[in-house]
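If you're matching them up, the sequences are chains A and B in order. No gaps in the numbering here: position 97 of the first sequence is 96 in numbering that gives the first Met the number 0, and each next residue is one more. No gaps in the numbering here: position 433 of the second sequence is 432 in numbering that gives the first Met the number 0, and each next residue is one more.
Be careful, since some hints might not be right.
A few chain B positions that, by computed beta-carbon distances, are all more than 12 Å from chain A [what the hints assert, rightly or not]:
id	residue
1	P131
2	G204
3	E219
4	A241
5	S252
6	N322
7	N324
8	F348
9	E374
10	V376
11	V382
12	E395
13	H417
14	S437
So the derived label-pair ranges between C-beta atoms look like this [stated by the list, open to error]:
id	chain 1	residue 1	chain 2	residue 2	range
15	A	T87	B	E337	30 to 36 Å
16	A	D226	B	Q18	47 to 53 Å
17	A	K342	B	E84	27 to 33 Å
18	A	K342	B	E158	50 to 56 Å
19	B	A334	A	D226	42 to 48 Å
20	B	A334	A	A234	34 to 40 Å
21	A	D226	B	E27	38 to 44 Å
In case anyone wonders, no lab produced these hints; they're calculated from the structure. Ideal Cβ placement from N, Cα and C applies to all residues, glycine included.
Here's the letter readout for the chains.
Protein chains: 2
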Amino acid sequence: MNQLDQLAALLRFPSISAQAEHAADVSECADWLVDKLSGMGLDVNVKKYSTPKHPIVVAKSEKIEGKPTVLIYGHYDVQPVDPIELWTSAPFEPEIRDGKIFARGATDNKGQFFAHILGVEALLKENAGQLPVNVIFLLEGEEEIGSGSLYGFMKEHKEELACDVILVSDTGMAGMDAPTFSYGLRGMACAEIFVKGPSADLHSGSFGGAVKNPITALCELVNSFHDEHGKVAVAGFYDDVAPIAAWEKSMWSTVPGMSAKDLEELTGAKEVVTEDGFTAAECIYARPTLEINGMGGGYQGEGSKTIIPSNAFAKISCRLVPNQNPDVIMGLLKAHVEKHAPKGVEVKFVPGHTGDAYACDPHSEYGQAAQQALEAVFGNKPVLIREGGSIPIIAEMKKVLGADAMMLGMGLPDARIHSPNENFSVELFLKGIELSQSLLRRLGQ
Amino acid sequence: MNQLDQLAALLRFPSISAQAEHAADVSECADWLVDKLSGMGLDVNVKKYSTPKHPIVVAKSEKIEGKPTVLIYGHYDVQPVDPIELWTSAPFEPEIRDGKIFARGATDNKGQFFAHILGVEALLKENAGQLPVNVIFLLEGEEEIGSGSLYGFMKEHKEELACDVILVSDTGMAGMDAPTFSYGLRGMACAEIFVKGPSADLHSGSFGGAVKNPITALCELVNSFHDEHGKVAVAGFYDDVAPIAAWEKSMWSTVPGMSAKDLEELTGAKEVVTEDGFTAAECIYARPTLEINGMGGGYQGEGSKTIIPSNAFAKISCRLVPNQNPDVIMGLLKAHVEKHAPKGVEVKFVPGHTGDAYACDPHSEYGQAAQQALEAVFGNKPVLIREGGSIPIIAEMKKVLGADAMMLGMGLPDARIHSPNENFSVELFLKGIELSQSLLRRLGQ
Numbered sequence: 000m001n002q003l004d005q006l007a008a009l010l011r012f013p014s015i016s017a018q019a020e021h022a023a024d025v026s027e028c029a030d031w032l033v034d035k036l037s038g039m040g041l042d043v044n045v046k047k048y049s050t051p052k053h054p055i056v057v058a059k060s061e062k063i064e065g066k067p068t069v070l071i072y073g074h075y076d077v078q079p080v081d082p083i084e085l086w087t088s089a090p091f092e093p094e095i096r097d098g099k100i101f102a103r104g105a106t107d108n109k110g111q112f113f114a115h116i117l118g119v120e121a122l123l124k125e126n127a128g129q130l131p132v133n134v135i136f137l138l139e140g141e142e143e144i145g146s147g148s149l150y151g152f153m154k155e156h157k158e159e160l161a162c163d164v165i166l167v168s169d170t171g172m173a174g175m176d177a178p179t180f181s182y183g184l185r186g187m188a189c190a191e192i193f194v195k196g197p198s199a200d201l202h203s204g205s206f207g208g209a210v211k212n213p214i215t216a217l218c219e220l221v222n223s224f225h226d227e228h229g230k231v232a233v234a235g236f237y238d239d240v241a242p243i244a245a246w247e248k249s250m251w252s253t254v255p256g257m258s259a260k261d262l263e264e265l266t267g268a269k270e271v272v273t274e275d276g277f278t279a280a281e282c283i284y285a286r287p288t289l290e291i292n293g294m295g296g297g298y299q300g301e302g303s304k305t306i307i308p309s310n311a312f313a314k315i316s317c318r319l320v321p322n323q324n325p326d327v328i329m330g331l332l333k334a335h336v337e338k339h340a341p342k343g344v345e346v347k348f349v350p351g352h353t354g355d356a357y358a359c360d361p362h363s364e365y366g367q368a369a370q371q372a373l374e375a376v377f378g379n380k381p382v383l384i385r386e387g388g389s390i391p392i393i394a395e396m397k398k399v400l401g402a403d404a405m406m407l408g409m410g411l412p413d414a415r416i417h418s419p420n421e422n423f424s425v426e427l428f429l430k431g432i433e434l435s436q437s438l439l440r441r442l443g444q
Numbered sequence: 000m001n002q003l004d005q006l007a008a009l010l011r012f013p014s015i016s017a018q019a020e021h022a023a024d025v026s027e028c029a030d031w032l033v034d035k036l037s038g039m040g041l042d043v044n045v046k047k048y049s050t051p052k053h054p055i056v057v058a059k060s061e062k063i064e065g066k067p068t069v070l071i072y073g074h075y076d077v078q079p080v081d082p083i084e085l086w087t088s089a090p091f092e093p094e095i096r097d098g099k100i101f102a103r104g105a106t107d108n109k110g111q112f113f114a115h116i117l118g119v120e121a122l123l124k125e126n127a128g129q130l131p132v133n134v135i136f137l138l139e140g141e142e143e144i145g146s147g148s149l150y151g152f153m154k155e156h157k158e159e160l161a162c163d164v165i166l167v168s169d170t171g172m173a174g175m176d177a178p179t180f181s182y183g184l185r186g187m188a189c190a191e192i193f194v195k196g197p198s199a200d201l202h203s204g205s206f207g208g209a210v211k212n213p214i215t216a217l218c219e220l221v222n223s224f225h226d227e228h229g230k231v232a233v234a235g236f237y238d239d240v241a242p243i244a245a246w247e248k249s250m251w252s253t254v255p256g257m258s259a260k261d262l263e264e265l266t267g268a269k270e271v272v273t274e275d276g277f278t279a280a281e282c283i284y285a286r287p288t289l290e291i292n293g294m295g296g297g298y299q300g301e302g303s304k305t306i307i308p309s310n311a312f313a314k315i316s317c318r319l320v321p322n323q324n325p326d327v328i329m330g331l332l333k334a335h336v337e338k339h340a341p342k343g344v345e346v347k348f349v350p351g352h353t354g355d356a357y358a359c360d361p362h363s364e365y366g367q368a369a370q371q372a373l374e375a376v377f378g379n380k381p382v383l384i385r386e387g388g389s390i391p392i393i394a395e396m397k398k399v400l401g402a403d404a405m406m407l408g409m410g411l412p413d414a415r416i417h418s419p420n421e422n423f424s425v426e427l428f429l430k431g432i433e434l435s436q437s438l439l440r441r442l443g444q
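Whenever a hint applies, use it, and build me the whole structure from the sequences.
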C-alpha cells in the first residue's frame with residue numbers, strides 16, 4: 000500500500016473517544032498501529048497497553064548510546080462527527096478532493112503523527128534499520144477527552160519513556176508557505192451546568208408567571224460570565240495571566256491569516272469580536288476564554304410546544320494561558336455559578352477535565368534545529384507562535400519526563416478540525432514525512 | 000362499548016397536529032369522531048371538512064325553533080409527547096391507574112369534549128332523539144398549532160355555525176371540589192429566534208477569543224427580555240394591559256391550590272417566582288408573560304466537544320391578556336430583538352402564531368345557568384377565574400359568531416397537560432357527562 004492509502008486505512012477507524020459505543024473502534028485503531036509499527040522494524044519494542052479507558056501504543060527503536068532520544072507523541076482518537084449532515088463525504092470514508100484528504104481525524108491528529116511514522120520508516124529503510132537518533136512513539140487514544148489514562152501511564156513508565164526532547168505535530172500552521180513553530184499551548188478547564196426547574200415540563204399557560212423558567216435562569220447565568228468588553232467576568236479569572244512580551248506582539252502581527260478580514264473570510268463569522276485591547280492573534284495565542292460549547296433545554300423539535308421546560312444545561316470550557324492554574328480556575332467557576340445561581344431553580348455545577356497551559360523557549364538548541372528543518376523543507380523562515388488549542392499532556396510530559404516539546408504543527412486554518420469536512424493537505428502530508436526525516440537527521444548530528 | 004372504553008379508543012389516535020408525520024393519524028381520529036356522532040343520531044348533519052391542514056368535524060342536531068343554539072367546541076389534536084422517556088405508560092396506550100386514565104390528550108382536550116358528546120347522546124336517548132336545545136359540535140384538529148384553518152372556516156360557515164352561546168371544556172378546574180367557571184383566557188404570540196455565528200462549528204482553541212459565540216449571543220438576547228423584577232423588559236409590552244378588578248383580586252385569593260406552597264408542591268419548582276407586586280393567581284390569570292419554550296445550540300451529546308458552535312436558536316411564546324394586541328406585541332418583540340442583537344452574529348426573528356386574549360361577563364344569563372349546573376353536579380359553589388392558558392379561537396368566535404363562551408373546564412392541576420403522564424380523572428369524566436346534560440336542560444327551559 001502506498002503512503003496515502005495507508006493514511007486512508009488509518010482514517011477509516013471511527014475512533015471517537017468521547018462516545019462509549021465507539022470503544023471497540025478505538026481499540027481496533029490501536030491494533031492497526033501496532034501492526035504498522037511492528038512491520039516497519041521496531042517490532043521487538045512495540046506494545047499496546049490497555050488502560051482504564053482506551054489503549055496506549057508505545058514503540059521504541061533499538062537504543063543507540065550517545066544519541067539523543069526523541070519521543071514522538073500523537074493521538075489516534077478523534078472528535079465526534081456531528082452535525083453529520085454538514086459533511087460532504089462520510090467522515091470515516093476518506094475522500095480526496097482538490098488535493099486534500101477529507102475525513103474526521105485527517106489533520107487532528109492521525110495525518111500528522113502518521114507522517115512521522117512514515118518518516119521514521121523511511122530512515123529505517125535507508126540506513127538498514129539504523130536511526131540517527133533514538134525514537135520513542137507514544138500514541139494515545141484519549142486526547143480529545145483529556146488524556147485521562149496517559150497521566151498515570153507516564154508516571155508508571157517514566158523509565159521506558161525517558162527522553163531528551165519531545166516532537167509533536169498536533170498544532171496549527173499559519174499557511175502552506177508559513178512553516179510554524181509553536182512554543183506554547185493554552186490550557187483547559189471544562190464543566191457542565193445543569194439547571195432544574197419544575198419536576199416535569201409545565202403548560203406555559205397554566206403556570207406561566209408563577210414558575211421560574213430554567214432556560215431563562217441558565218441564560219442569566221451564562222450572561223454573567225462575560226462583561227460588555229468581551230472579558231470574562233468571573234472574579235479572579237485574570238489574576239495569574241502572564242503578560243504578552245513585546246517581541247511576541249511584533250512577531251504575531253506578522254503571522255499570515257490572522258487579520259480580522261482573514262479570520263472573517265475563514266470562519267464565515269459576520270465580524271471578528273475580540274477582548275478589548277487585544278488583537279485576534281493575541282486573544283487566540285495568549286488570552287484566556289470561556290466558551291459555551293453546547294446548550295439545550297425544552298422543546299427543540301418541529302413546530303411549537305408551549306411549555307415551561309423542566310430543565311436546561313450548558314457545556315462550558317475555558318482556554319487557559321500561562322500561569323493560570325486550572326484547578327484554581329475551576330474553583331472560581333464553581334464559586335461564580337453558586338453566587339449567580341438564579342432563585343427558583345436548582346443549579347448544579349459539574350467539573351470536567353482540565354489541563355495546564357504550556358510554554359517553552361523557541362530559541363533553545365532543539366528549537367533551532369526544528370526551525371532549520373522547517374526552513375529546509377518549506378523554503379521559508381518559520382513563524383513562532385503560541386497555539387490557541389490545548390494539548391494538556393504536553394505540560395504534564397514536561398513535569399514527568401522533564402523534556403520540552405517541539406510543536407511543528409501542520410494544521411492549516413481551513414483544515415476544519417473539530418468541524419464537518421475536516422481535511423489534510425496531501426502535499427502537506429508528504430512534506431511532513433520529509434520534515435520528520437530532516438529533523439531527526441539534524442538532531443542526530 | 001362502555002363510555003370509558005370509547006374514550007380509550009379516542010385516546011389511541013396519536014393526533015399530534017404539530018408533527019407532519021402524524022397528519023394521517025389526525026385525519027383518522029376525525030373519521031372516528033364522524034362515525035361516533037353519526038351513530039348517535041345526528042347522522043344527517045355530520046360532516047368532515049378538509050382544510051389546508053387538518054380536518055374540521057361539524058355535527059348539528061335537527062333545528063328546533065324557539066330553542067337556543069349551543070355550539071360545543073373542542074379539539075381532537077394533541078401536543079407532542081416528548082420527553083417520551085418520562086412517561087410511565089405509553090402516551091397513546093391509555094392506562095387506568097388510581098382512578099385516572101393516562102394518555103396524551105386525556106384532559107387536553109379529548110376527554111373533556113367527549114364528555115359533552117356522551118352527554119348529548121344520553122339526552123338524545125332519553126327523549127327519543129329530541130334535545131332540549133339546538134346543539135352544534137365544532138371539533139377541530141389544529142388547536143395546539145394555533146387553529147389556523149378554523150378562522151377561515153368559521154367565516155365561510157358563519158350561517159351553519161350561527162349560535163347563541165358557546166360551551167367549551169378546555170380550561171382548568173381548581174380542584175375536584177371546586178367546580179370552576181372560567182370567564183377569560185390569555186392570548187398568545189409565538190416566535191423563533193435564530194442566531195448564526197461562524198459558517199461551521201469551530202475549534203474553540205484555534206479560534207476562541209476572536210469569534211463571537213452564537214450561544215453566548217443568544218443568552219445575551221434572552222437575558223434582555225426580563226428585568227430583575229420579573230417583568231418583561233420589551234419596550235411597550237405592558238402599555239395596553241387591562242388592570243385587575245378589586246372583586247377579582249378577592250375572588251382569586253380564595254381559589255384553592257393557588258398558594259405559593261400549593262404550587263411548589265404541584266410543580267416541584269424549588270420556589271414560586273412571580274412578577275413583583277402580584278400573587279401567583281394574578282400572574283397566571285391576568286398578567287402577560289414571555290417564556291422560552293425551548294433552546295438549543297452546539298454539542299448536546301455525550302462527553303465534551305470543545306467547539307464554538309455555528310448557530311443557536313430559541314423558541315419563545317408570550318401569554319397575553321386583555322387588551323394586548325398580539326400583532327402589536329409581535330412588532331415590539333421583533334423591534335426588541337433587532338435592537339438588542341449582539342454584534343458579530345446574524346440574528347433572525349421568525350414570527351409564529353398569535354391569538355387574542357378573551358374575557359366575558361360571568362354574571363350573564365347563560366353564565367348563571369352554567370354556575371347553577373356546576374353547583375348541581377359538584378355540590379359546591381363554582382369559583383370564577385380567568386384561565387392562564389390560551390384558546391385563541393374563543394376570541395375569534397366572539398368576533399365572527401357574536402356569541403360568548405361558557406368555559407367549564409375540567410383540567411385538574413395535576414392533569415399534566417402538555418407534559419409527560421397527562422391524565423384525566425375517571426370520576427370527572429363521568430361528572431362531565433352529567434354536567435353536559437344538566438346544563439343543556441337548564442338552557443332549554
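>> So S437/B supposedly isn't at the interface. Is its beta-carbon more than 12 Å from every beta-carbon in chain A?
In response: holds (26 Å)
> Using the C-beta atoms of T87/A and E337/B, is the stated range 30 to 36 Å upheld?
Replying inline: The hint (30 to 36 Å, Cβ to Cβ) holds, given that T87/A and E337/B are roughly 34 Å apart.
> Looking at V376/B again, its CB stays over 12 Å from all of chain A?
Replying inline: holds (23 Å)
> Non-interface claim for N324/B: all C-beta distances to chain A beyond 12 Å?
Replying inline: holds (18 Å)
> Honestly, do D226/A and E27/B meet the 38 to 44 Å range at C-beta?
Replying inline: violated (56 Å)
> Would you say S252/B is clear of chain A, with no C-beta pair closer than or equal to 12 Å?
Replying inline: holds (14 Å)
> Against chain A, does G204/B keep a CB gap of more than 12 Å to every residue?
Replying inline: Contrary to the label, G204/B does not stay out of reach of chain A, its closest Cβ about 3 Å off (not over 12 Å).
> Beyond 12 Å from chain A, beta-carbon-wise, is N322/B?
Replying inline: holds (18 Å)
>> Using Cβ atoms and 12 Å as the threshold, tell me whether E374/B really stays out of contact range of chain A.
In response: At roughly 24 Å from the nearest Cβ of chain A, E374/B sits farther out than 12 Å, so the non-interface label holds.
>> Quick check for students: does the CB of V382/B sit more than 12 Å from each CB in chain A?
In response: holds (15 Å)
> Are all beta-carbon distances from A241/B to chain A longer than 12 Å?
Replying inline: holds (15 Å)
> Does the claim that E395/B lies outside the interface with chain A hold up, using a Cβ gap greater than 12 Å?
Replying inline: Correct as stated: the minimum Cβ-Cβ distance to chain A is 17 Å, above 12 Å.
In this structure, the earlier hints numbered 2, 3, 13, 16, 19, 21 are contradicted, and the remaining ones agree with it.
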